[in-house]
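Chains as they are written, first to last, in this note's numbering: chain A, 1 to 447; chain B, 1 to 315.
Each hint should be verified, as a subset may be incorrect.
As the list claims (entries may be wrong) - DSS-like cross-link-like pairs, simulated, lysine-lysine; straight-line CA separation at most 27 Å:
1. B:Lys-211 / A:Lys-277
2. A:Lys-49 / A:Lys-21
3. B:Lys-220 / B:Lys-144
4. B:Lys-89 / A:Lys-46
5. B:Lys-298 / B:Lys-143
6. A:Lys-49 / B:Lys-89
7. B:Lys-144 / B:Lys-193
8. B:Lys-93 / A:Lys-46
9. A:Lys-58 / A:Lys-8
10. B:Lys-93 / A:Lys-49
11. A:Lys-277 / A:Lys-92
12. B:Lys-193 / A:Lys-277
13. A:Lys-152 / A:Lys-181
14. A:Lys-369 / A:Lys-384
15. A:Lys-76 / A:Lys-126
16. A:Lys-58 / A:Lys-46
17. B:Lys-286 / B:Lys-144
18. A:Lys-8 / A:Lys-49
19. A:Lys-126 / A:Lys-369
20. B:Lys-211 / B:Lys-286
21. B:Lys-298 / A:Lys-152
Stated by the list, open to error - With the Cβ distance kept under 8 Å, some of the chain A side facing chain B (calculated, not the full set):
22. Leu-108
23. Ser-111
24. Gly-112
25. Ala-142
26. Gln-146
27. Leu-194
28. His-195
29. Val-196
30. Glu-199
31. Glu-203
32. Asp-221
33. Gly-251
34. Asp-252
35. Ser-328
36. Gly-394
Claimed, not checked - Pair ranges (Cβ atoms, derived):
37. A:Lys-152 / B:Gln-169: 28 to 34 Å
38. B:Gln-81 / A:Ala-90: 53 to 59 Å
39. A:Leu-283 / B:Gly-86: 27 to 33 Å
40. B:Glu-94 / A:Gln-212: 50 to 56 Å
Worth flagging that the hints you see were computed from the coordinates, not collected in a lab.
In this text the structure is predicted, and so the values were computed from the model without any measurement.
We put the CB at the ideal spot given by N, CA and C, even for glycine.
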Amino acid sequence: MFENLTGKLQQVFKRLRGEGKLTEENMTEALREIRLALLEADVNFKVVKQLIDNIRAKALGQDVLNSFSPTQQVVKIVRDELVELLGTTAAKLRFAPQSPSVVFLVGLQGSGKTTSAGKLARWLQKGGHHPLLVSVDVYRPAAREQLFLVAKNIGIPVFQGSATARPAELALAAQQEARQKGYDVLVVDTAGRLHVDEELMSELEEMKQLLQPTEILFIADAMTGQDAVHSAEEFHRRLNLTGVILTKLDGDARGGAALSIRFVTGQPVKFVGTGEKYENLELFHPDRMASRILGMGDLLTLIEKAEETVDRQQAEELEHKLRTDRFSLEDFREQIRQARRMGPLDQVLAMLPSIGPFKGLRPDAVEEKQLVRTEAIINSMTSKERTHPQIINGSRRRRIARGSGASVQEVNQLLRQYDQLRKMMRSLGGRAFKKFGGRTKLPALSS
Amino acid sequence: MIQTLFGPPEATPGFLERLREAVQSTRSTLVGHLEDLVQGKSVIDATLLEELEEVLIAGDVGSATTQEVMGAVRQQVNRGQLKDAGELKGAIKEQLLNILQVTSNGVAAPTNSPVVILVVGVNGTGKTTTIGKLAYLIGSQNKKVLLCAGDTFRAAAVEQLEIWGQRTQCEIIKQRPGADPSAVLFDALTSAKARQFDYVIADTAGRLHTKVNLMAELEKMCRTSQRVIPGSPHEVLLVLDATTGQNGLQQARQFTERAGVTGVALTKLDGTAKGGVVLAIARELKLPIRYIGVGEQKEDLLPFDPEQFIESLFS
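Modelling step: build the complete structure from the supplied sequences, incorporating the hints.
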């Protein structure tokens, strides 16, 4: 299976502990791992070379900051580099000043043009547009029928046209119809073709001349390998692409092709296809894509969120309390609240990478409801009970259970958990906190 | 293997011609890449080895397989077994050929019941097109082929297969869109048995190998097939797009685990993609590559030739 780049770099730097600077020597092996990770993610090897050069230049001579480990620092440099290449902001769809705007969807066979056409039309309609669909794929058996059926399923008009017309004739007639009937966007689903097919490539050029599309989107399969650069480059050379839709991202492909295509065309990925349903079209987020290519999950967003929500001062206070063994149920409750403030728990967990230490921890593994119940139980205690849990006897337990709508067993369980947590903290002493640079460990998550 | 199941591949006059045409495009863009590298150099140096390594990476062979192959070759160089840069290509090719020499237990053609071929793969790899071509290939050997429209999910998939049925003069069994694909398969198999067809080729909806429910649906189709015709499906053909990168290995793993893939058809080799990931697949899963797809016409499915394939990696 894929290995996480972070994990590999950690192993590399483990052998080089105590280095205060990133040097030529300690980076050589790290760069090798980065190169392999990018190749494994299907980034074209020429693009990888360029990236590695950039990363080397940026990393060398950098001091390892106190708050970061060398691994974290290098990962950050790599990730920033990828985000920069992918484009730092989400790209928008452009429209013509005079309706109808024409959007061409082009690409190799089987990349998902027809499905994307349906998804895009639906997305446009949701945004208040009136799209018209047309298929000019007169070659593949039943291709036009496929778009008719897609259009029918999503309730968007489709231009039928004559069954014997040529692609350019169909497109022009559809444009005419859009103009007359007041559709503001015409989405043209073209036939899949190889970039080396001279005849079909010039057919596209001809259609571009005739219709003057505002957007020519290259539909690319996220699973594409090294060859992505060849096809994208040729399509771009002939047609001047304006953007990319990356499809089938709901699989487990790393999607390095996104980097390759961006590198050779310079055009942004505008949308990603993320499922079998027509709603599954999303705007592209370069930062998330970078993390995916590196197999990192969205850990950095998670850290950012934690930093936003966890109050620094509170964290320090908590650390002090833990060290002096004065961690009360009151503090426990505060931890739960902080954890929940970061957003719905399943979404928070979904940001963790699905590999490495978090492998078994899937969104459904920890229940949000459980946290709510735990908090309710603590809420039903008196403030004296919270600071001195040892006074909670049988009768108090029954009262707390009644007050929070829980059973006595649940109250017992909570008290046991709290006890275990305190013991664990005591045995770790202050060590655990030094290691995390004073960052709170959110004990509530481990309950 | 192809021989046992489908009889010897016919060497029609147009065969080599088509193959040449198919790899021509690939060839012209990268003409004699390796020769360029090797020529004018008599010494094997690190740069040359690195460049050869890049040729493999560029062909989607993948870093693990590439490292294994190059590691073995480097060893030969170090031992002084390879002195001349010219010998290098041969040595690498030999390593690659070894990987592709998959010893698969050929599926014995049953004597009195139809041979069942189930065609699977992720979305958009060319399953339906491959079925059309396969039907033509088998039909041209005077066998009676029945097509089964098992993709009841994608819009117009049944219509697409119907057109291929007309082109190749094969009958087709279908149901309404959204029907249970296992039910369609059941119909097709019972009908093929009763009417003494030689082959049933069943289409399935494209599915990403990560979708648990859809993979379970495939398992069910296999069970259905097994129940109607014991020992079937005789062949589960994974259709793999040559443009696919390293994810192809993951696809092959999952489909093999859930649906018992017995062979691979590599499609769209008429572009510039090399499809090198099949080397990783053959290396790990010992799956034989049966066919290559080289165009959109019904004749454009050819038996896989390991030597030709490896040659094209380097051209």
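Here is how each hint holds up against the structure:
1. B:Lys-211 / A:Lys-277: Holds - the C-alpha atoms of A:Lys-277 and B:Lys-211 are around 13 Å apart, at most 27 Å.
2. A:Lys-49 / A:Lys-21: Distance ~23 Å between A:Lys-49 and A:Lys-21 Cα, so the pair holds.
3. B:Lys-220 / B:Lys-144: holds, 26 Å
4. B:Lys-89 / A:Lys-46: It holds: about 22 Å lies between the C-alpha atoms, which stays within 27 Å.
5. B:Lys-298 / B:Lys-143: Holds, at roughly 16 Å.
6. A:Lys-49 / B:Lys-89: holds, 24 Å
7. B:Lys-144 / B:Lys-193: holds, 12 Å
8. B:Lys-93 / A:Lys-46: holds, 23 Å
9. A:Lys-58 / A:Lys-8: Measuring from Cα to Cα gives roughly 20 Å; hence the hint holds.
10. B:Lys-93 / A:Lys-49: Distance ~26 Å between B:Lys-93 and A:Lys-49 Cα, so the pair holds.
11. A:Lys-277 / A:Lys-92: holds, 22 Å
12. B:Lys-193 / A:Lys-277: Measuring from Cα to Cα gives roughly 37 Å; hence the hint is violated.
13. A:Lys-152 / A:Lys-181: holds, 18 Å
14. A:Lys-369 / A:Lys-384: holds, 26 Å
15. A:Lys-76 / A:Lys-126: violated, 37 Å
16. A:Lys-58 / A:Lys-46: holds, 19 Å
17. B:Lys-286 / B:Lys-144: violated, 31 Å
18. A:Lys-8 / A:Lys-49: holds, 19 Å
19. A:Lys-126 / A:Lys-369: violated, 33 Å
20. B:Lys-211 / B:Lys-286: The given pair, whose Cα atoms are some 24 Å apart, holds under the 27 Å limit.
21. B:Lys-298 / A:Lys-152: violated, 31 Å
22. Leu-108: Check passed: Cβ of A:Leu-108 comes within 7 Å of chain B, closer than 8 Å.
23. Ser-111: Hint on A:Ser-111: holds, closest Cβ of chain B at ~6 Å, below 8 Å.
24. Gly-112: This hint holds: A:Gly-112 lies near chain B, its Cβ roughly 6 Å from the closest one there, short of 8 Å.
25. Ala-142: The hint holds - A:Ala-142 has a Cβ within 8 Å of chain B, the shortest such distance being about 4 Å.
26. Gln-146: For A:Gln-146, the interface hint holds, since the closest Cβ of chain B sits about 4 Å away, which is under 8 Å.
27. Leu-194: holds, 4 Å
28. His-195: At about 7 Å, which falls below the 8 Å cut-off, the nearest Cβ of chain B leaves the hint on A:His-195 intact, so it holds.
29. Val-196: holds, 4 Å
30. Glu-199: The hint is violated - A:Glu-199 has no Cβ within 8 Å of chain B, the shortest such distance being about 12 Å.
31. Glu-203: violated, 15 Å
32. Asp-221: holds, 7 Å
33. Gly-251: holds, 4 Å
34. Asp-252: Nearest chain B Cβ about 5 Å off; hint holds.
35. Ser-328: violated, 44 Å
36. Gly-394: violated, 47 Å
37. A:Lys-152 / B:Gln-169: 28 to 34 Å: holds, 31 Å
38. B:Gln-81 / A:Ala-90: 53 to 59 Å: Holds: the Cβ-Cβ distance is about 55 Å, inside 53 to 59 Å.
39. A:Leu-283 / B:Gly-86: 27 to 33 Å: violated, 53 Å
40. B:Glu-94 / A:Gln-212: 50 to 56 Å: holds, 55 Å
Consistency note: the structure conflicts with the earlier hints numbered 12, 15, 17, 19, 21, 30, 31, 35, 36, 39.
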